[in-house]
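Protein chains in written order, with my numbering: chain W, 1 to 319; chain C, 1 to 505.
Here are the simulated lysine-lysine pairs, BS3-like style, with alpha carbons at most 25 Å apart:
hint : chain 1 : residue 1 : chain 2 : residue 2
1    : W       : K37       : W       : K315
2    : C       : K375      : W       : K249
3    : C       : K378      : W       : K256
4    : C       : K351      : W       : K106
5    : C       : K446      : W       : K249
Calculated from the structure, these hints are not laboratory results.
As the structure is a prediction and not an experimental result, all values here were calculated from the model.
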Amino acid sequence: MARVRFPAGAYQNKMTEENKQATGEIKTKGFKFNYDKHYKILLLIPVLLLIISLVYLGFFYYNNKNFIHRDVSLSGGTSITINGEINQELLESGLKGKFPDVSFTKLEDISSRKEIALIVESSAPSEELKSEIESILGYELTEENSSTEFTGAVLSHGFYRQLVTALIISFVLMSVVIFILFRTFIPSIAVIFAVFADIMIPLAVIDFFGIKLSAAGIAAFLMLIGYSVDTDILLTSRALRSKEETLNKRIFRAFKTGILMTLTALAAILPAFFLVTGLPDSFRQIFLILALGLSADILNTWLTNAGIIKWYCEKKGIN
Amino acid sequence: MKLGVRIWILIIVLFLALLSIAPWKTFDSGILIKSVEINSSAFDQGLRQGQIIKSIDGKKVDTIGDFSEIIGEKNFSSNVKTIIATDQGEFILFSDATPEITVSELPKSNLKTGLDLSGGSRAFVKAKDKDLSSSEISDLISVVSNRLNVYGIADIKISPISDSPVGGNNFMLVEIAGATPQDLENLIAQQGKFEAKIDNATVFIGGERDIASVCRGDQTCARVERPQKIQGGYAAKFSFEITLSADAAKKHAEITGNLSINSSNPQYLSGTLDLYVDDNLQSSLLISKDLKGRVTTQVAVSGSGTGITEEEAVNAAEDEMHKLQTILITGSLPYKLEIVKLDTISPNLGKEFTKNIIILGIIVFIIISLVLFVKYRKIKITLSVIMTMFSEAFITLGIAALISWNLDAPSIAGIIAGMGTGVNDQIVIIDESVSNKQISMKERIKKALFIIFGAFFTIIVAMLPLFWAGAGLLKGFALTTIIGITVGVLITRPAFADIIRKTSE
Numbered sequence: 001m002a003r004v005r006f007p008a009g010a011y012q013n014k015m016t017e018e019n020k021q022a023t024g025e026i027k028t029k030g031f032k033f034n035y036d037k038h039y040k041i042l043l044l045i046p047v048l049l050l051i052i053s054l055v056y057l058g059f060f061y062y063n064n065k066n067f068i069h070r071d072v073s074l075s076g077g078t079s080i081t082i083n084g085e086i087n088q089e090l091l092e093s094g095l096k097g098k099f100p101d102v103s104f105t106k107l108e109d110i111s112s113r114k115e116i117a118l119i120v121e122s123s124a125p126s127e128e129l130k131s132e133i134e135s136i137l138g139y140e141l142t143e144e145n146s147s148t149e150f151t152g153a154v155l156s157h158g159f160y161r162q163l164v165t166a167l168i169i170s171f172v173l174m175s176v177v178i179f180i181l182f183r184t185f186i187p188s189i190a191v192i193f194a195v196f197a198d199i200m201i202p203l204a205v206i207d208f209f210g211i212k213l214s215a216a217g218i219a220a221f222l223m224l225i226g227y228s229v230d231t232d233i234l235l236t237s238r239a240l241r242s243k244e245e246t247l248n249k250r251i252f253r254a255f256k257t258g259i260l261m262t263l264t265a266l267a268a269i270l271p272a273f274f275l276v277t278g279l280p281d282s283f284r285q286i287f288l289i290l291a292l293g294l295s296a297d298i299l300n301t302w303l304t305n306a307g308i309i310k311w312y313c314e315k316k317g318i319n
Numbered sequence: 001m002k003l004g005v006r007i008w009i010l011i012i013v014l015f016l017a018l019l020s021i022a023p024w025k026t027f028d029s030g031i032l033i034k035s036v037e038i039n040s041s042a043f044d045q046g047l048r049q050g051q052i053i054k055s056i057d058g059k060k061v062d063t064i065g066d067f068s069e070i071i072g073e074k075n076f077s078s079n080v081k082t083i084i085a086t087d088q089g090e091f092i093l094f095s096d097a098t099p100e101i102t103v104s105e106l107p108k109s110n111l112k113t114g115l116d117l118s119g120g121s122r123a124f125v126k127a128k129d130k131d132l133s134s135s136e137i138s139d140l141i142s143v144v145s146n147r148l149n150v151y152g153i154a155d156i157k158i159s160p161i162s163d164s165p166v167g168g169n170n171f172m173l174v175e176i177a178g179a180t181p182q183d184l185e186n187l188i189a190q191q192g193k194f195e196a197k198i199d200n201a202t203v204f205i206g207g208e209r210d211i212a213s214v215c216r217g218d219q220t221c222a223r224v225e226r227p228q229k230i231q232g233g234y235a236a237k238f239s240f241e242i243t244l245s246a247d248a249a250k251k252h253a254e255i256t257g258n259l260s261i262n263s264s265n266p267q268y269l270s271g272t273l274d275l276y277v278d279d280n281l282q283s284s285l286l287i288s289k290d291l292k293g294r295v296t297t298q299v300a301v302s303g304s305g306t307g308i309t310e311e312e313a314v315n316a317a318e319d320e321m322h323k324l325q326t327i328l329i330t331g332s333l334p335y336k337l338e339i340v341k342l343d344t345i346s347p348n349l350g351k352e353f354t355k356n357i358i359i360l361g362i363i364v365f366i367i368i369s370l371v372l373f374v375k376y377r378k379i380k381i382t383l384s385v386i387m388t389m390f391s392e393a394f395i396t397l398g399i400a401a402l403i404s405w406n407l408d409a410p411s412i413a414g415i416i417a418g419m420g421t422g423v424n425d426q427i428v429i430i431d432e433s434v435s436n437k438q439i440s441m442k443e444r445i446k447k448a449l450f451i452i453f454g455a456f457f458t459i460i461v462a463m464l465p466l467f468w469a470g471a472g473l474l475k476g477f478a479l480t481t482i483i484g485i486t487v488g489v490l491i492t493r494p495a496f497a498d499i500i501r502k503t504s505e
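Bound conformation, chain C alone:
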């Protein structure tokens, strides 16, 4: 039997969908570099995000487990040599610390799952008591993404969204795949206005205007001290050095020049350097008398963290230090922010959901096949319906992979619902084609297509409003349904009609 043009189109599109999904990526070996700390030795040697690590020191790396095992066994004392082989060549590091990179498993295909299935967090952020214009939102986005980058969170996506096509509220949508950092809420929404004041006069503020550099990740100038026992637990002190810009240093000299010597504590000056974060006093530092009127660029910033155990206290101090360093580098946000929606989805439950959805899909497939077989009693008709149903779902997935759409639960519900309309339409085609021999087959298929296109346009217009309503959280449902039924009417159902016509002529 000669295959018609429409059937050929279906075969070609199926092949393209397969290329787009690329399921063979399951067999790729190695692990993916998610982020590389800027200015670390790994970065200097040329390791970059997106490279795939194949082996370390000649040992094969296939899983994250392999990676941490190999790195864990190495004792990074002084200038330890590490050979990292990637898909883009070999890199040799000499370092006294573990390489500052984060890694993840390679994706198994080009299909991406949404937060509700893969885990991660999502925050809707708006300015407090103020409606932001879309340009103000994009300013905000650049500050926040800079802050999250400096903090070291990989895999973030920050985008502006609006809840209506015209004149709606503008939000900033922050999405983080995988592990959620502790205290994400503060990290995003804390305005982070850092001010250092002496006797209520501002000496310097956070951000690159006043701060030339901030010491991080270097034990000699940024460290957490041994925790001390306090009532109800432990407190750990941290301190790190910052370098002021020339202007800020001059200001420091002017202000300290007016201070007198502390009468009760003659080692120090009478005023203190008070550090404020968002107008809350973070800590007050005594100023050594040597600094009076001196143009100094080196200032140590300190604070503390508390916890029930020693370890908790150290962790809290480290987190606090990290956050303070971040806001000192990136400066404050232009607005006071408010998180209006915050979802943190556990990756573990998502795996369970994904498994159940796949099983559900298989059950639906089997039931539909059985019903059709019982009705028509023809293996061939049943098989071609199943083939068409499968093709529609597969091509929809292919398009989703092509446009990097994150498939969340509503998107998958949309694919299944789309398959349902597909089956309906094929039933119409079969019933029209086997009925009423007084008119020609061509005429009958044409009639079937009228019904199919009528239903097609109603579904499209019915789903359209979902693209903006509810801030687009249900966009996936509308998108996959529309892709599915469009693929259906343009590609798979014409091919199916052809198959039915060919087999009955």
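Only chain W is shown next, with the shape it has when bound in the complex:
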């Protein structure tokens, strides 16, 4: 029976921990003390980060007439994946003259670290790019040794517009669900604001590093809306509803649960992302964006959202 009961044991552990806090463990106390006094200032850190991101995105838009760098699936053009170890320098010097916008990505095998393919992208039509590569490499590109993806300009612009519309619809629907869940204005707005920041900050980071977004990348932002919101729901529901402990304890407990959730996800995604480079580009981008978004979410949830909800609860006397 003792074995069956172990979560009760977990509970015991937890209680002793809480007792420690109550009896004045310095570290925890210090945290609480600081938080009580300075949470309104802490709240400003992510807000500042968001403002910097938005300003950067504004400049970016001014310079590029768009909010992102789009890859060929969203701007039109050709992507040719050549299997095997390919001499990138040779191709680069040979293609740059005729296709100034050409870019390269290497794919590596997970275990042997051997290069398994090279992706060549350009806005040129597939036949032109293909025949040029064939003459540089000196062999024919067939479906045995290469993959070719071509998207026409009109179609890809359509894709882009639709995906951005989808992102906006997704955001609006998420906001509606949050309002229905909490039925109070300020806590709902705090959650929605955190999700907004979760999208904008990664977007600025991606632009800053010059990463070209694919269709799958934009889909990842939709996923991010759903993915980042659960810690905010956790925080808000605990802050607003459990009236058994002090407000700080509730927020801190939510923080302990939530940070474990986010860190577990990051711990899984980040190493996987850096280890496994031999994956379809769509796959890698989804995980990169989720990782950036979840990192931003730590700040946005536990500094901004938590700050606002604490402020709100104190004002409303929900202690």
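Dock chain C against the given chain W, drawing on the hints supplied.
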């Protein structure tokens, strides 16, 4: 310990998922018939697509290699007997040519992978300068699928798609699994308007109205001649006979009746029979003087192919002949078409991707388990989280197999992301259940479920727009995520909550 209803439901659903995926198909032997040429001897004897070949002439067939070896060793000269044993009985063929069937390895389970992982090609096609209504698209689809079938491409899927739920652009999506035919672009999008004219008067056009039959695959009436050396390579001539319908033959008689004898070449008539494909002159044939005014139904169509080597020239001529035969049989497409997206994915890279994705999945699994074990220090909690995570992924795959969903890279990313939310929710359940003993366990689990359902609905609504945006290319991502989290909240997480409750009571 007595198992609760929810745990039983989980076990039953897991079992159903296993049935749906059917991983034991790995052990099935034989190879699958992908297509059988209509009216070939194999077809006449009853061989059909979907049958599984077990042995040929008593020799066991397990791989495509076995099949080509056995067929290759046989010398098909005249009326060679071949005994093909399938899962649906034995068929005996007498034939002087290799059986006209294409085969593939048996699938290892009911799971299907998408083009980006299994290789193949995909084309988005629309009419040039015209928006097609959905009924026009379905007309187009029937012509194109007929054409691809006649050309002999197995494993095609042609479907209408739209890029918006209302008033969007309509496209035809052509998907071909496995090997991509050379010149797919022309095969799909070439309008294929075939016209035979004498002195600019149309004698007959492609399609069943004017063409009664087209000779194919028969050396006596359709052949490629020995290549001739030309400047810079070789040229091979091909010719094949077609049979005109009675009306077209009558027309031929009328028009040739008005022609005079060619003065410089008295063997022939003064006009030529000009063959046009999409308004381009394909070839001009001299008309023998005997044909003047005669109602003839037999006409030979000819052309040529060129290449750097003799073999290339012959192949080019064969391809050209094949294409011409196809458009003569199927007629022209109702619209000029334009390929707006064309992806050809190498099957070789797809294998590499699949391998790496599996390894990635295992790494993610191990890392999550380690993090949870370090946090909770309880084997049992860690194990039940892992079990739940695994169950969710497994049931999602089971549903994908059930609805024959092609799992592409975004779909698999969706499954992994779904597992991530699953873990998050279990952390919520654990933390709620071990906290705050002032309220009952039931109350605490209820609180956890509020958070879980809140997150569930936000993910569902956030992913919904992907079902149509981007012409549904990312539908898989939305679908597997939604299936995964739905399975999570309805089946695995209630069971998990039950396990946690049971073990702590």
